Every structure is written in C-alpha cells, then in structure tokens.
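**Q** Residues per chain are reported as follows:
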Amino acid sequence: MSKQTGKLKIKPKKLFGAALTYLIILAVCFIFLFPILWLVLASFSKTGSIYSFKGFFPTAYSFDSFVKLFTDTEMYNYPRWFGNTLFISLMSSLIGTALTILTAYCMSRFRFKSRKAMMKTTLVLGMFPSFMTMTAVYILMTQFNLINQQWGLIMIYSAGAPMGYLTQKGFFDTISVSIDEAARIDGASNFKIFVKITLPLAAPMIVYTLLSSFVWPWSDFILPKLLLKNKDLYTVAVGLMSLDNTEFSRFAAGSVFIAIPIIVFYFALSKFLINGLSAGAVKQ
Amino acid sequence: MANVSLKHIYKVYPNGAKAVNDFNMQIEDKEFIVFVGPSGCGKSTTLRMIAGLEEISAGELKIGDVVVNGMEPKDRDIAMVFQNYALYPHMTIYENIAFGLRMRKVPDVKRDKEGNPVPDKNGNEIPVMRKYNREELDRKVNEAAEILGITEYLKRKPKEMSGGQRQRVALGRAIVRQPKVMLLDEPLSNLDAKLRTQMRSEIVKLHNKLNTTFIYVTHDQVEAMTMGTRIVVMKDGYIQQIDTPKNLYMHPANKFVAGFIGTPQMNFFEGTLKKEGDIVRAEFAKSGAALRVPCALLQKVSPRYLGGDLPVCIGLRAEDISLEPEAVKNSGTTIKVRVSHLEELGTETLVYGDINLGYDGIGESDTKIIIKAAGFKDYKTGEIVEAALNFGAAHLFDCQTEESIMPQIPEYNYLDCSAENGTITFAGNKIKLPPAMECADGQGEMLIPVDAINFGGDIEAVAESCEDVNGKKLVLLNVNGNRLYALGDEKRTGSVKIGLDYKKLIVKTGGGQTDPMPLVNGLDGRFVSEKITENIDGKTKKVTRYYLEINGVKLEAPEAVYQKMFAATTGRKVYNSVYRYEWSPYDVALSDSGVEAQVVKVLDYGGEKFAQCSAGGATLYVKCEGAPQGTVHIAPDPSKVSVIERERNIKIV
Numbered sequence: 001m002s003k004q005t006g007k008l009k010i011k012p013k014k015l016f017g018a019a020l021t022y023l024i025i026l027a028v029c030f031i032f033l034f035p036i037l038w039l040v041l042a043s044f045s046k047t048g049s050i051y052s053f054k055g056f057f058p059t060a061y062s063f064d065s066f067v068k069l070f071t072d073t074e075m076y077n078y079p080r081w082f083g084n085t086l087f088i089s090l091m092s093s094l095i096g097t098a099l100t101i102l103t104a105y106c107m108s109r110f111r112f113k114s115r116k117a118m119m120k121t122t123l124v125l126g127m128f129p130s131f132m133t134m135t136a137v138y139i140l141m142t143q144f145n146l147i148n149q150q151w152g153l154i155m156i157y158s159a160g161a162p163m164g165y166l167t168q169k170g171f172f173d174t175i176s177v178s179i180d181e182a183a184r185i186d187g188a189s190n191f192k193i194f195v196k197i198t199l200p201l202a203a204p205m206i207v208y209t210l211l212s213s214f215v216w217p218w219s220d221f222i223l224p225k226l227l228l229k230n231k232d233l234y235t236v237a238v239g240l241m242s243l244d245n246t247e248f249s250r251f252a253a254g255s256v257f258i259a260i261p262i263i264v265f266y267f268a269l270s271k272f273l274i275n276g277l278s279a280g281a282v283k284q
Numbered sequence: 285m286a287n288v289s290l291k292h293i294y295k296v297y298p299n300g301a302k303a304v305n306d307f308n309m310q311i312e313d314k315e316f317i318v319f320v321g322p323s324g325c326g327k328s329t330t331l332r333m334i335a336g337l338e339e340i341s342a343g344e345l346k347i348g349d350v351v352v353n354g355m356e357p358k359d360r361d362i363a364m365v366f367q368n369y370a371l372y373p374h375m376t377i378y379e380n381i382a383f384g385l386r387m388r389k390v391p392d393v394k395r396d397k398e399g400n401p402v403p404d405k406n407g408n409e410i411p412v413m414r415k416y417n418r419e420e421l422d423r424k425v426n427e428a429a430e431i432l433g434i435t436e437y438l439k440r441k442p443k444e445m446s447g448g449q450r451q452r453v454a455l456g457r458a459i460v461r462q463p464k465v466m467l468l469d470e471p472l473s474n475l476d477a478k479l480r481t482q483m484r485s486e487i488v489k490l491h492n493k494l495n496t497t498f499i500y501v502t503h504d505q506v507e508a509m510t511m512g513t514r515i516v517v518m519k520d521g522y523i524q525q526i527d528t529p530k531n532l533y534m535h536p537a538n539k540f541v542a543g544f545i546g547t548p549q550m551n552f553f554e555g556t557l558k559k560e561g562d563i564v565r566a567e568f569a570k571s572g573a574a575l576r577v578p579c580a581l582l583q584k585v586s587p588r589y590l591g592g593d594l595p596v597c598i599g600l601r602a603e604d605i606s607l608e609p610e611a612v613k614n615s616g617t618t619i620k621v622r623v624s625h626l627e628e629l630g631t632e633t634l635v636y637g638d639i640n641l642g643y644d645g646i647g648e649s650d651t652k653i654i655i656k657a658a659g660f661k662d663y664k665t666g667e668i669v670e671a672a673l674n675f676g677a678a679h680l681f682d683c684q685t686e687e688s689i690m691p692q693i694p695e696y697n698y699l700d701c702s703a704e705n706g707t708i709t710f711a712g713n714k715i716k717l718p719p720a721m722e723c724a725d726g727q728g729e730m731l732i733p734v735d736a737i738n739f740g741g742d743i744e745a746v747a748e749s750c751e752d753v754n755g756k757k758l759v760l761l762n763v764n765g766n767r768l769y770a771l772g773d774e775k776r777t778g779s780v781k782i783g784l785d786y787k788k789l790i791v792k793t794g795g796g797q798t799d800p801m802p803l804v805n806g807l808d809g810r811f812v813s814e815k816i817t818e819n820i821d822g823k824t825k826k827v828t829r830y831y832l833e834i835n836g837v838k839l840e841a842p843e844a845v846y847q848k849m850f851a852a853t854t855g856r857k858v859y860n861s862v863y864r865y866e867w868s869p870y871d872v873a874l875s876d877s878g879v880e881a882q883v884v885k886v887l888d889y890g891g892e893k894f895a896q897c898s899a900g901g902a903t904l905y906v907k908c909e910g911a912p913q914g915t916v917h918i919a920p921d922p923s924k925v926s927v928i929e930r931e932r933n934i935k936i937v
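Listed in order, the protein sequences are those of chains A and B. Under the working numbering, the first residue of the first sequence carries the number 1, and numbering increases by one thereafter. Under the working numbering, the first residue of the second sequence carries the number 285, and numbering increases by one thereafter.
Chain B with its partners taken away, still in its complex shape (with noise of 0.2 Å):
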C-alpha cells in the first residue's frame, strides 16, 4: 500500500544504447497501472528497475516516500510475478507459499517458553525480531491459498499442476507477504487463450480485494484496457502516452497509440484539410474523395493545418465506419470503398477494402480500410460500396512528427490581431504590450498558449464549457465571439475575467514575431571535487566538497545534487565528463559574485523584469529589478539546479 514515484528514470546499457528513457510517472495508491508496448519497448526493464532486479543508471525511484534506488529486492516491500512462474520445483506448493515468510523476520517482543513478555530491569517490553511461528505461517499460506482457490493443492508439487493453476501460486507467493506494491511480468501470456480470459478478470478481483498498487506489464493491449486504472504505452523506451483507457481510446496523443490501442487496427489516410468557411473540406489523397466537415468537429486542430497545404494523417476506427445504408443516408460525409475481403466474426463482420477506386487488393497498401460491419453481411470481393465516416470521432495526425494536431489540451490558442505603436487589438481587445515585446506594427496572428491564460486580469469572456483532462480544467472560453481555451485548476462557468501571460506569447505581425521567453536556462560545465582542510570542533578534518563548475566558476552542489550524480556515473566519469545545467530564470540572481555575463538588454513584462545576458556564448535570462548594464554577476541557486549529462543525453538531477 504505497505510492510509487519514478523522476527522470533511465536505463543505459554499457554499449550506450537505451532501455528506457526519461521515465517519470507518479503512481498512486491502490492504482493499477499497465506498461504496455510491443517488445523491446523497455516495459519490463522499467518494472525490473521498480523491482530492484535491473540497476537504475540515473533517475530517483520512490516507492512511499523512501528513495530506493540502491535497495535490495527483499527491502523494497514488493512482489513480483513472473512470466515463466519461477516456482520452487523442489518444494511444495505449501512451501512455495511460504518461502518468502520464512525468509523475514517479524518485529516482537523477548517471551518465555509460555508466550508471555519478558520485561527487562525497568519493567519494559525488550523489542526483538523473530521468525514466523508455524501457527503463522499456516493461517497466511490458507489465507492466500483460499484467496485464489489453491487450497487443496498445497501439498502437491509445481510439476503436477497445471498452467492455471502454476500462475495461482506464483500470485498467492506474491499477495501472501502483503507487499506494498504487486508487480507483474507478463504473468499471463504463457496461458491458453481461454484461461488467459478466466484469470485476467480473477486478477482484476484479486486487486480490488487486496487493495494494494499493481503494476502490470503486457504486450498485449486488450489486457492493458480491460485491467488497467491507467495505462503507460511505451515505444522504444519512451513513454508515449500516460492515460485511463477510455482516454487512450478517445484521445491518442500520437499516431502510435492510436494504432495500437483498439482491434482492429485504426485507419489512416493521407489527405488535406482545407477550412472554407464554416466547413472544412478534407480531401483523401490517392482516392480523390473529398469530404464536408462541419468546422465544429476540428476546434482543436490547430488552423495551420486547415490551409489545405499541409498533409495530415487522418485515422478512423472500424467502428466509426458504417456501411449500414440507413447511416449513408444521413451521413453527411461517405466514401466509396471497394470490397477486397471478408472476416466473418460471427456477431460482426470485418470488411477490408480500399478507398483508392483502382487499387488491385494485392498487396499493402496506405489507402486500405478495415470497416466494422454486422455479422452475416454478404459482400462480394471488388464490390463498390458507399461508406459512411463518423468524422466526430476522426482523430488527426501530423504527418511527419505523427503527434496528435487535436490534442485533448491544444497548445495554442490561433487569433487574429493587428498591432499599431505597441498596442495590440485582438477579440475586439485593445491591450498596450510591454515594452519588452516588440512587434512590428501591421495585421497578424497570435499564439496564446492555452497555460498563458490565467483568471484574473481585464479582459471580458464568457466560460462556455469546461472539460477535466487529467485533474486540470480545461476551460472554452468566449471572447467577442472569439474562442479560447485556458488551462485552470478550478471549474469556471458564466462571464469571467482573464489575463494574459505576456512571457508565453507569440505575436505575428508586420512580417516580424516576439519570441516567448525561454523557461531553462542552461550553461555547460564540469564537475570537480576539491579536499580542503576544515576546523571542526577545534580538530582539523579533510573534508571533500563538490562543486559545479561553470566558466571557471565554481558552485558548492549540495548533497541531494551530487549523490545523484555519483549515483548516474560510475568510477571518475563524473569528472571527466560535460554536464548541461538548467535553472529557471526565478532560480538565478544577480549578486556581486558568480559567472561572468554580459547584459544584452533589459525585458520588462510590466510586473516582472528579466535581464538578457550573454556568458560564453550561451543567452541566459535573469530576473532582475532596476535597470542592470554592463558587465554582470551571475548566481544560480544550485539546489534547484537540473543536471543532464551531455555525453549519453541524460538528464540526472
């Protein structure tokens, strides 16, 4: 019963290559939390890190609030079941199921050959720990076998039973030690399809009784839907998407989770989106069909993608095609598809066809569609048939970096503005920039990240709707007839009043644009240690201290910083290698000692200043007050200081 925690994990093998990269997830409590992905995608490696089989290179593993990165196995509180069993052969059941508590001592108190305590001189209890008892040891392993109906097995030996029944006393030697976190390999891939089902459900049974954080690992995603609070999908060792299952179904972030996540396999075609007016025209390349959509259906989709120039990936699920002719019909947006081949499912039928007319059917294609229809349909093979597209369950791709244009939480908002002498009119708002945004006067557009809005400035809007996207608000806001998103923490409805982050904004105009300004600042150093002789207590010790060295300048790293960093490198690497630091600008001053830098010039967002420099040829930005020149002295705070190893790109801090 614990909360698991993993900041910027990695795993990197000796020869450089990666397992896992970048791995940061928070998991809760009593959370079931699926890894899935196709092999080699470092699931498992991830959860043989959790598990303390696989050392960690960099990155903090937490399970509850202790730092476990170089803990044993048996000291993590977890349990682990594996793919292959890993049953005892020798032992019994009875003793598979105990092994692990004759393994672990119990806290007690000293007692007498009657049970009763020993107090020592002052009458207190003496704490003592002890093996478990066979009274103990019996009344767990029949808890667990009962659990999972074992019971009249316990004294058989693995060999004699079966698959099912192998995998029931590799969960009861896992749940019998009440772990704080269940971590489990694949643990049914070696079962029949049949009983994959029966213990799939038992297992999801098995979590609900026991209330503590599973952690499961799958390549197969019908399982990771059907068992997971939340799913992870990874793909060569990067988290993809971390989402519940009907999200992943809805609203996959990439072309990736959205072919993998749903049988059969989603659709995708190339085609253009072109708006014209309250409609837009998408046109499928290859098939030369072009369809109507209502503007309403893509208001997320980012408008660079609705001038028609820029290919995009248009995925549609079997299931939102329909070949009913009731919905063709109605529906607005059909397609005409040849018929290639036929699956007959029974209550469904599978139609595979092709939206290019004058494909032959042999052979892969990208124009090729899958359609889920009613069972028992017949069709014939190179029949021409109309169907219908369910374009509000479309989900949009690009096509070259295959994320998602209509993200769940979209990262710009697009308006129209035009500036004159420093002020800008948008949304039927006139609002005087700050001095440091400096945009050519003429028509334009603005980029409003969603987060640069925040509830409390000048600016009228109304809150149409807000929609919950992983604990944040996501609110449509109106202004003028104008619509925006905004990200907030609290449910917004009626006339609000909104403000805008000016740091965050790009504006367009004049054929010029004001760049947001950068969160990190990073400059490359080195890290040195240096043994000086100090006074303590009126003795003189060695003590060794460690410093970030950046231009020359030294750093003192506090302890949290370089015991990670010794941790990620190992032997005299970690002098010998090139770190990049980053720090926000908030988390640098300038004080009278430090780096070296030279102010550029001076940014003044209104409230809040920032003062451009330059150190070495990296820009750096530092809030300031006044009006700084010249040359300049620069002090990171090093205890909030991120650290990434540039040799294998790693971030360790």
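Bound-form chain A, shown alone (with noise of 0.2 Å):
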C-alpha cells in the first residue's frame, strides 16, 4: 500500500477521518469503563459511605473493605455467599451445559415428528424472560418443597438452559453429517458416535455454552431473591442486597470481588476456544 521508503503522507481528509473514528471510539470506551473505574475506586475507598465522597471520587484510599468482607463475617458472611453462588452456578452450569448439548445435538441430527415445531416452541418459550414466570415458579418451588433449597435454583436455572439451544444447533449442524456416516458404517453405535467423534469436536462449543450458563445464575438476582430466605443461602447478589446503606465501599468491593471467578473461569477455558478444530474433516 504505502511506499518502503520516504516520508508517510496522509491526506487532511483521511487524517480527518481517522481522528473523528478514534474521537468515537473514545467516546463509547468512556461510557463503558467509567462506571468500572468508579465501582473499582469505591471500593477501594476508606469510608464506608457514599456521601463522604469529595465530589464524584472517594477522599482516602485504602484495602479496608476488603479485609472486612472477608473478616467481618458475623453480620454480613461474603465468603459464605460466595461458596453458594459458585455452589450453585458450577452445578447450573455442568448439568445445562450437559442438556443444551444433548438438546441440540437431536435437532441438528436426528429427523423426527414435529422436530420443527419443537424447535420453533422452544425457541419462542426462551424469549420470555425467566422473571415473568417467578408466580408459578414460586407456586411451583412451595409444593414441591424446594423454597429455601440451594437445588430448587439449580433446577430451574438447568431447565431452562436448554431453550437457548439454538447457537449450539448451529455448531452441530457445521459439523459434516459424512462424518457420523462414516462413524456408523466402521460400526459405532449413535451413543459412540456422539461420544467419540462428535463431543470431542464440538469442544469450542461446549467451552463456551459453559461459560454462558455460568454467568446467568452467577449474576441473577431476582430467582435467589424469590427463593432463598435464609441468610446462610443467600448468593452474593441477594446479600450485597442486604447490605446496610452505610455499607457502600464494602458494597462495591464485594461487587468487583465477584468478577474474578468469572475471569479465571474464562482463561482457564480459554484454550479450548480455539479455532479451526475441525479442520481437515472434510474438504468444504
């Protein structure tokens, strides 16, 4: 494009551009982090409250909130929250995972009566939002006795994993059926094909159904909310709920606290992310 050698000319035009490109990008980078870098300072602020703060930042810095989240456990026990929450998403998150991936791999795989209307219900039903149906939830969790049991949440959040089965259906479908043909002529049963060929392939897919059905009961705070009374089995967003107002700074620690599985979730996972596995399948 541009010569080896010599100065770099770019026009005023381009330079124009370029600018108003990169004045945006700043812009929206602002508007997302902003609140970050706030909740981040706030948490490592020394006053508990909020209206100590000088203006929009805090006075003092210092790690105090954390200390007491982990140490001050008497009234408000974080780490006790934050077993519960990792508790209930990891097992959400492997029997979902385990669901959506056994629901997708029928709809792509096998043909059979009313196949597409299945699809399409079910695809509707995951439109709805989870908090409209918390009544008949509630109604539900109270006769079956499941108010106040950390696997009543587990129950409902791998249930409705599947319903977004879509994107995995659409993995499956890249994966060339000659494949399963061959798998099935050398005598593997479908259960073998399914284990041995198919799983190992859809590893990208897994990878990341998992780490999607971890973040929602993770985050979720309306569901705990609704069925969980006990202050033993509050996950971490219920009890930073219950936080007393002057209670900010340790609010926001427990807030930022509360990303870093998610992160070391992510990067332990992420070599599995990979691109290109299935390359040499088939020619395409």
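Please keep in mind that the hints were generated in silico from the structure rather than gathered at the bench. None of the values given here were measured: they were computed from a predicted structure. Misleading hints may appear alongside valid ones.
[Said to hold, decoys possible] Using 16 Å as the maximum straight-line C-alpha spacing, the simulated EDC-like pairs for lysine to aspartate or glutamate come out as follows: (1) B:Lys775 <-> B:Asp752; (2) B:Lys358 <-> A:Asp180; (3) B:Lys935 <-> B:Glu379; (4) A:Lys192 <-> B:Glu356; (5) B:Lys924 <-> B:Asp871; (6) A:Lys196 <-> B:Glu379; (7) B:Lys346 <-> B:Asp313; (8) B:Lys530 <-> B:Asp752; (9) B:Lys935 <-> B:Asp808; (10) B:Lys620 <-> B:Glu667; (11) A:Lys192 <-> B:Glu379; (12) B:Lys792 <-> B:Glu704.
[Stated by the list, open to error] To list a few chain B residues with every Cβ distance to chain A over 10 Å, as calculated: (13) Glu356; (14) Gln462; (15) Glu632.
Just so you know, even glycine gets a beta-carbon here, dropped at the ideal spot from N, CA and C.
Combine both chains into one complex, guided by the hints.
**A** Below you can see the structure in the form of structure tokens.
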C-alpha cells in the first residue's frame, strides 16, 4: 500500500476521518469503562458511605473494605455467599450444558415428527424473560418444598438453559454428516458417535456453553431473592443488596470481587475456544 | 468378498418423488461396478441404500446370501469412502484407520493372562467375543498403511495432510476391516486432475490386490470407462444400460448412453433410411447429403425403419469420421462439412463444423459435427471439407423413444410370409399353424422374436455365426437364404434344426394380425388381514393371517410376500392401497374355488392349451387341459405373485 521508503504522507481528509473515528471510539470506551472504574475506586475507599465522597471520587483509599469483607462475617457472611453462588453456578452450568448439548445434537442430527414445531416452540419460550414466570415458579417450588433449597435454584437454571440451544445446533450443523455416517459404517452406535466423534469436535462449543450458562446464575438476582429466605443460603447478589446503606465501599468491594471467578474460569477454558479444531475433516 | 443382489429396488420420497426406479442388478463377487450418470440420477442414493445410510422404499437387497434391507450399516460388513473424505479430524491417522477395528469385536476363546485357553468343565473351549488387542491393531493398521503408502504419516492429524493423502487415509480406513463390499462415493472428484488420474490407477490396483467387490459412483464417464469391469449408466432414477465398458461404447442401448459415453460427445443427425435392393440410402435432414450404405452394415436394423418414412437418429463418433484425403478417396460414404472452429489438442485436432452448409455457424444447431483429425492440421474457418463417415460404426436410434434400433440383440426377426387355410409359408417352409392362431389368408409378414426360436424343431437352418452377448449366445441363422437371429444358451455351428414358439409369434397377413399371448396376468386387488383363533397343541391362540383379496376372494399370502408388502409401506397404508397382482399363465390353475371367471375361448397352441377368461373386466390366460367352458374358478399361486402398488407404481414383490 504505502511506499517502503520516504515519508508517509496522509491526506488531510483522511486524517480528519481517522481522528473522528478515534474520537467516537474513545467516547464509547469512556461510557463503558467509567462506571467500572468508579466502582473499583469506590471499593478502595476508606470510608464506607457514599456521602463522604468528595464530589465524584472517594477522599481516601485503603484495602479495608476487602479485608472486612472476609473477616467481619458475623453480620454479613460474604465468603459463605460466595461459596453458595459458586456451588449453584457450577452445578447449573454443568447440568445446563449437558442438557443444552443433548438438545442441540438431537435437533441437528435426528429427523423426527414434530421436530420443526418443537424447535420453534422452544425458541419462542426461550424469549420470555425468566422473571415472567416468577409467580408460577414460586408456587411450584412451594409445592415441591424447594423454597430455601439451593437445588431448587439449580433445577430452574439447568432446565432453562436448553431454551437457548440454537447456537449449539448451528455449530453441530457445521460438522459434516458424512463424518457421522463414516463412523456408523465403521460400527459405532449413535451414542458412540456422539461421545467419540461429535463431542471432541464440539469442544469449543461446549466451553462456550459452560461459560454462558455459568454467568446467568452467577449474576442473577431475582430468582435467588425470590426463593432463598435464609441468610446463610444467600447468593452474593442477594447478600450484597441486604447490606446496610453505610456499607457502600463494602458493597463495591464485594461487587468487584465476584468478577474474579468469571475471569479465572474464562482464562482456564479459553485454550479450548480455539478455532479450526475440525479442520481437515472434510473438504469444504 | 460377496456378491450383491438388487431386486426391484425403489427409493420413493414422502412427497412422491422417485429417486431410484426398479433397480435390478446382480453384482458378482470381485467385480468392479461403476454407477455413472449426471447429477441427480440416483446413483449415490443407490449406493447409500446398499450402505444402509438410506432406507430402501421397496425391493430386496442381498449381500452374500443375506437379505440386508433392515440391517444396520455396521452389520452389513461393508466399507465406504466418501467424496469429502469424512476423516475424524481430532484423531491421528493411526486412530482414524484403527477406529473401525476398535468398534468391533472378534470371536475368540476364553483365555487366562498368559493367553492359554481356559476350558470349561467338559474340557471344551469357551467362545467369547473380545476386542482387538494392541498387536493386532498395530499389525492391521500398518498393513493397510503400507498398501497405500502412508506409513510415515500415521502420527499426523488429517489437517496436516494434502487432499490426495487424506483420500488415501479414507481408503485405508475402508480396507483395514477387509469388508465384503467396498463402496466408493465419488472419491476422486475433490482432487485435482493430475492426482485424480494417479489415484484412479491406484484404486484399480487396490481392487486387484484386495479381490473384493467394489461399487464405485462417479459422474465422470472417463473414470467409469477406465475403472469398471461393468458400468451401470443411470438417468432420472432409471437404469439406462448395464454393460462392460466395451459394450457400452460399441453398442449403446439408447441415445442417452451413446451421448454420455465417449469424448467428445457423439454426433447425432436426424435422417431417414430407405432400402433400395442391396443398398440403404441414408439421407441427412437439413443437409441434403445422401449416402449409399451397403445393406450388410445395417443387418440388425428392424425393417420398419428402412422404409424411408420414419425419421431415425444417426449417431457417429468423432473418431469414426475422417478428414484424411486417403480415407476420403477410398470411402463411399462422404459428406460435406463447413468448418466452424478448431480445438488443437496436440496429438489430435477437434474440427467443429456443420453439415448444413447454409448454416452460419453461430449458436446451437442439430446438424453440427465434431471430427477428430490428426494433430496440427490447418483447416480454415468457413472452409468446406469432405469428410469420410465410417458407417459401419454408426449407431441408429429411434427419434421418439431414443432407443437403439439396432440393439445387440434385436427384438424381432421380420420375414415375408403368406397364409392360406391356417398354413403359413415363409422362407421356403410350410407350417401348419396351431388352432389358436387365426390369420387371414393372404400375403404379409411375420415377426419372430429372437427368443421364440428354439433349437429342436423340424425347420432346417444353418448357423452362420455366433455372438456372445451378456452370457447368452446370439446365433445368426440362414433359413433358405433368409437371415434369422436366435437366442440360445450354447454355441451353435453348421446345420441345425429349429422350431418356433407360436405363443410369441405375430403374423400380419390379409389385413389382420395375430396377437402374441401375454406372459403376465394382472388383477387388481387389496391386502387384508384377519385375526383368527387357532388351536395349537391344545392351546387356543390368536393368530393374524394375511390375504391377497381379489374380487372378494381371499388368497392366503405366504410370509415372504406379506413381509415385503409391510416393508414397502408405512403404518396402515398397506391395507388402504390398491395393488396389481400379476402371475404368469403357468402359475394360475383352474380349480373348484378361487376367483370367478368366464371362459371366453380356449387357445390351442398345439402342445399347450390356454383358456382365455375374463374376470371383473380383466382378461386372464390360464394354462388348462381339455376344453373348459362357462364359469370357472381360477386359483393363482400366491407364492409366485408379483405385487405392484398402483398409487406409486412400484413393484413390491
């Protein structure tokens, strides 16, 4: 494009365009990042109350809120909430992923009566927000005695996960059917094809599903608030909301800290998210 | 190592579209069969039905001696190579090849840790099924890899290999299990031209080495011609011709096969043939050219087309037309061609032209001609050249049906004859016709189907030559100067005695004609079931019986028949469909009970007698003795029935 030697000349018109683009990018970045920056700064604030802030930012900074979060557990047991959330999210993520993958595989590979009708119904049902069914869920859970039970929540999250199977089905559709057929001729049963051929090829998709079905229960507020009454069973979201008004920096610290597992989880699994795992299977 | 038998195989989709129509074929052990045809002709569907990846709508598929219609692919002992290789991308080449072995078990006897057999109480070995062990896997995979020359790549992943190597791996995966039948679905169409030629010969070598039945699907006629021991040409779900490459090239059964096999495509011209003594005058439409062809070259052409009124399609390959001055000078059959353009191919030049000299050379025309000439010859565009046609190599087709009018086995022999008082005179022989054949007195001709001539009568003939056609012998007979073709099982030479099967003859004399006796009786009916209680060994049991119902009469269906009817239909459809049941006149008998029918007349063919009956609007022929009259009952043999479903028009049994 540009010459190897000599000065790079940029036309003024081009320069203006580039400047405008970068300006917009910067503005958008600021809008996105500022609340996070502010929350991180607030978590390091020395005083607890938001009213002590000088203008927008805290007056003094310290690690106190983080320390208090894990030491002062009599009133507000943050480590416990954290454990609860982790358990519920991990379980929902595992069970939900299994169900989603199976649903998607069925819809992608098998042809049965009412398949299309089922696909459409599931899709439409998945569009409704989960809190729409709050009352019904509450009554159901009371009937089955699952109020104040972590497994109750796990059930709801896992059962809801396959509603969004469409992405996964799309991925399975890209794996050539002739690989399945080759395996069938080689003597593999449907189950063996799924386990030995399809699952290894779908590794990136499984990781994506694990991550996405982990985030929902991890950050959900409405369902735990509805179903968990015992303070010891609180998830982080419900717990943080129960904090006193004066504990704002602790709230901020707790909010910042819950981002950590997701980051760890993501980095641990990201190496599976590589593309091109199925390269060389079939000639496109 | 097995033969494959396909009988009346159909593939009908739920919307009624027929992908494969009445596919019949016997594939012998160790054959290399190629299915070829344009895309959408049903070749891949047929292969996938053999593999078990596609359900068979109707018909019977046998691998070896076992009917495999409902069998899972893995139990059919077949292997398949796919067009897009279909390798397992997450496995190494070794694992790819070993996968099929790992999925299977081998029969063995129970052994202890050292590998010694453990006998049971009576000292007999205990048979068990076990997985392949490491050494066996290693040995088999290496063997297969060695045959294909991929030993050094065994540790690689498919994505690290080139297209040709990947297809080799796919072949290795197929041969490692030593299947009974190898199925290859366009395995070379993803490779570049050079690699394709190389792999082509490698697959042929592989076939020779493995000694297994190969079924190969391709749309490339060059692949088909070079690889197959027999080729199946298909179009729109129908088999056009099954034959050896040589026979397909020399004796195409119809215009489609003629045009499909051979490059460049065969030239087709419309024209007429008129017999004038020993010469046939071949006129080319739109060109004005007329050739005088010796009659001997067109011996198998049925005389119907030699009157000069029926248009015929004359097919000539580019290599049977010559522009060499020497050939043109010596040839009696030349035609003028206006050259439109040239294609220089090095060893040869393809000369494109038109035999319609007034044609401008732009756009499609049905008089265009392609000629294979020697390499680097200078012909100018617009130049008019003289081309010599080798009419002995011409292929002639009916313009409407596109069927060959000079097939390898002609349908009929045409002879002039005269009839008088039930006696017919032809070719110097006088024969008393059986009473069943009533023909008017006068001059006319008779049509003798080639299979109506049997060896063992009292007509004197001389066998002039004997041709081997698909396992049968086509004998050219000379009966007092008249030439007749006859079909037999043995080679014949010298003087023979022949007889005629009067049932098949057609005699056209005095304005009328006799009809040959139909060889199938068709009756419409339904399929019904009935639950009855039966006493078996003192216990009462409810049993379901199945019947073919014709005109209210039930014939109990044998298991082989009703199983096929169930297999070809879904749900209760089998009871709601109308079927046509067909029998040969020999499988129907007159009896006390059965379908009621009226005897119209009794046909006496000398040795055999047939009663022509009418039953519910249908005409039936039944072999009989004596002279039955009035109302009779007909009992067909249900085990010899052919069943055709009327709605989809498919043959089920």
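**Q** Give a verdict on every hint.
**A** The hints, checked one at a time:
1. B:Lys775 <-> B:Asp752: holds (9 Å)
2. B:Lys358 <-> A:Asp180: holds (12 Å)
3. B:Lys935 <-> B:Glu379: Given pair Lys935 (chain B), Glu379 (chain B) is violated - Cα atoms ~44 Å apart, limit 16 Å.
4. A:Lys192 <-> B:Glu356: holds (15 Å)
5. B:Lys924 <-> B:Asp871: holds (7 Å)
6. A:Lys196 <-> B:Glu379: Roughly 12 Å separates the two Cα atoms, so the pair holds.
7. B:Lys346 <-> B:Asp313: holds (12 Å)
8. B:Lys530 <-> B:Asp752: Status holds; Cα separation ~13 Å.
9. B:Lys935 <-> B:Asp808: Holds, at roughly 14 Å.
10. B:Lys620 <-> B:Glu667: Roughly 10 Å separates the two Cα atoms, so the pair holds.
11. A:Lys192 <-> B:Glu379: Roughly 15 Å separates the two Cα atoms, so the pair holds.
12. B:Lys792 <-> B:Glu704: holds (12 Å)
13. Glu356: The assertion about Glu356 (chain B) is violated, with a minimum of 8 Å to chain A.
14. Gln462: holds (13 Å)
15. Glu632: The claim stands: Glu632 (chain B) keeps its Cβ more than 10 Å from every Cβ of chain A (closest is about 34 Å).
Checked against the numbered hints above, the structure breaks hints 3, 13 and satisfies the rest.
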